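2 protein chains.
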Amino acid sequence: MAIDYKKELESAAKSMILVHEPDTLIKMIVRMLVQKVKTKHAAILLHQQDMNSYILTVSRGALGLKVPKGFARMDSDNALIRFFREHNDRKLFNNAPVVYQEAKKFLAKRRIEAKTKRLIKGLLYQMEIFDALICIPSYFRDDLLGILLLGRKNNGKKFGRDELDFFVALTSDVAMAIRNAQLFRELELELERNKRLFIHTTIALAAAIDAKDHYTHGHTARVTGLSLEIAHRLMQKKKDLVDDKKFLEYLHIAALLHDIGKIGIPEAILNKNSSLDEQELKRIREHPSIGVAILEPIKELEEAILGVKYHHEKYDGSGYPEGLKGKQIPLIAAIISVADTFDAMTTTRPYRQGLSKEKAIEEIKRTSGQQLDPEVVSAFVELYQEGKI
Amino acid sequence: MAIDYKKELESAAKSMILVHEPDTLIKMIVRMLVQKVKTKHAAILLHQQDMNSYILTVSRGALGLKVPKGFARMDSDNALIRFFREHNDRKLFNNAPVVYQEAKKFLAKRRIEAKTKRLIKGLLYQMEIFDALICIPSYFRDDLLGILLLGRKNNGKKFGRDELDFFVALTSDVAMAIRNAQLFRELELELERNKRLFIHTTIALAAAIDAKDHYTHGHTARVTGLSLEIAHRLMQKKKDLVDDKKFLEYLHIAALLHDIGKIGIPEAILNKNSSLDEQELKRIREHPSIGVAILEPIKELEEAILGVKYHHEKYDGSGYPEGLKGKQIPLIAAIISVADTFDAMTTTRPYRQGLSKEKAIEEIKRTSGQQLDPEVVSAFVELYQEGKI
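Sequences listed follow chains S and Y, in order. Read in order, the letters of the first sequence correspond to residues 152 to 540 in the numbering used here. Read in order, the letters of the second sequence correspond to residues 152 to 540 in the numbering used here.
Some hints could be false.
No distinction is drawn between identical chains; accordingly, a pair holds when it is met within one copy or between any pair of copies.
What the hints assert, rightly or not - Simulated crosslink set (BS3-like; lysine-lysine; CA at most 25 Å straight-line): (1) 187 x 158; (2) 346 x 450; (3) 423 x 363; (4) 396 x 346; (5) 510 x 450; (6) 309 x 189; (7) 346 x 397.
None of these hints come from the bench; they were simulated from the model. Please read all numbers here as calculations on a predicted model, not as lab measurements.
When you get a sec, could you build the whole thing from the sequences and use the hints?
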């Protein structure tokens, strides 16, 4: 006997492999089951590894099913879970789906141990709560990954044996697709955790080094914030200039570490209470190169290091360490340079009062094309005019 | 007409979803095809995203197939690739598999544009090289993911239409499983890259801070190396003591950052050329707490921070900052403490000569149970006796 929805469901199940968001996937599956098999509803109980419990996802069919409160999560001592987890009991029905009517007859007909009887009664009670006619467990190796629950058919007919067999195969596909999505999600979460860890550690260490320079407290954090704002604006203005999520990551790191080389400058110079003499200025100007020396061994930071190395270059070639000119200066450095200049101008030092934002912007516009990259300045000025700085 | 290997291949294809190592997966598949379909050989040409080329994986069957040199990678201008990539040409055979004999007849019978003729000839030539009777392309959306090539059957019979249809479905499953594995692998590689980036950046920044203290050059790197050695040994000795890969990660970070708080101590004290007075010692002793203050905002480092905070506690309770005793001191800190003590003892300072390894070990054994955790010391001494320190 042919099942009319079989082909459709099979091919849908296959394309699920590449859906890697578990929640989306599960919702897709229950919705699809309700539509194609034409049941009143379908539900999936899915194992949560971290909690050792099972979470319910329900698709309401035409008539709907209200999940009783507190039933969205099931502990592993729930009869429904225990029944399919305890292997001896699984064998009661030859590993086949549990059909409500059959289980009820089984209970009436046979002599069964009191303990098993209680378990089956518990199972039937759970099926009643969910208004489920059949339950299909799915395993990966020996682990119960989940249980598919199907309600009555819309046309009132019973499920045939061929349909039950088909659901067993389908449930196993579905469970594998879900397990795959979960593994994928776990990996993604670990990656996110790791990226956060990296950025937060870099922020903490950069801030600690920043704190050595008493007069620039918070400088690194401010320059980082401004740099990222400028980059986002450049991305909006001119798509090919900054076209890459990677660029933002590199800029973030470069801005955080742009002054890292100051750790190699004596505190006496960094914290000097008056203007610096020629010799002291020379030492200070070594900080980009010291920064490069510190970071150079880190291959993955190659792009970010450009920002550290060249953030004191000037558009007209009068900067250091290499006297690069115009577009020779990497964009990542040109951005940090504008942010750095603005923050230095607006910060009060013991030997001079900081400028107001307005005055600093005037000064930045004035030096555009001389000290600073005009394209970056123009993005910066826009941000200022919109009140974003 | 039933195909005898169909069920086996279908269920094998399903379980592939959870094989996430692309190379292993592809080898599994070609081997399986040769065994179950009983062909002389099978091959898969698989798209490499980064290269825009296709890589060949071959399974030799009973009679074997020698891949001609230089054919392991195919550029996208290869006729075999172009034929299945250029949509109009795909339609020539109604998106069905290309059967060598049929394509040959097609070429003889019909009037075809010269360009198409050349392409089909090129395709046939490629199939001859691989001794392939049929080619089955597989797509994800509009992208050609790969091509399955099958050689002659061992029994010499032709492939039936039902078999060809089945291969089309199977190839699509296989391609999706491979794509899934590739995506998984990409994510894993990015995670590895990120972990490396984090550790290398932490090493670089820790070393830079280390360099502030002129007398302890390389101290951080040495303490980190020793700490990890000790932890590995403890893991071998007593499985429940250090039972977690995570522990090693935390220890690695903690050891790298154990002296990070020194960044808050004036250089004048760190680099003093003589013994320190009471006041100066008090400042130096603040470094674990300063380290904690720097790292505390990083939630993910909670476990590692324990190593930073308590690496100057002593087993008899006479240490700082909290005077913890015995097993109150977290293992992560007890390990760093032994490594730190050993490195301090064996390093020459301006005001005292460093001890020899032998003398330092004697001293460490002597203070075991007073200053240092006896369990950690015993692992350390073992390593020394084996010449590993």
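Right, here's what the structure says about each hint:
1. With identical chains, the CA atoms of residue 187 and residue 158 are at most 25 Å apart both within one copy (10 Å) and between copies (24 Å).
2. Both within a single protomer and between protomers do residue 346 and residue 450 lie at most 25 Å apart by alpha-carbon distance, with minima of 17 Å and 13 Å respectively.
3. With identical chains, the CA atoms of residue 423 and residue 363 are at most 25 Å apart both within one copy (12 Å) and between copies (18 Å).
4. Within a single copy, residue 396 and residue 346 get their C-alpha atoms as close as 14 Å, and across copies as close as 19 Å, so both meet the 25 Å cut-off.
5. In this homomeric assembly, residue 510 and residue 450 never come within 25 Å of each other (Cα to Cα): the closest approach is 41 Å inside a single copy and 40 Å across copies.
6. Proximity of residue 309 to residue 189 under the C-alpha cut-off of 25 Å is restricted to the intra-copy arrangement: shortest distance 12 Å within a copy versus 42 Å between copies.
7. With identical chains, the CA atoms of residue 346 and residue 397 are at most 25 Å apart both within one copy (13 Å) and between copies (16 Å).
Going through the hint list in order, the structure does not satisfy hint 5, though it satisfies all others.
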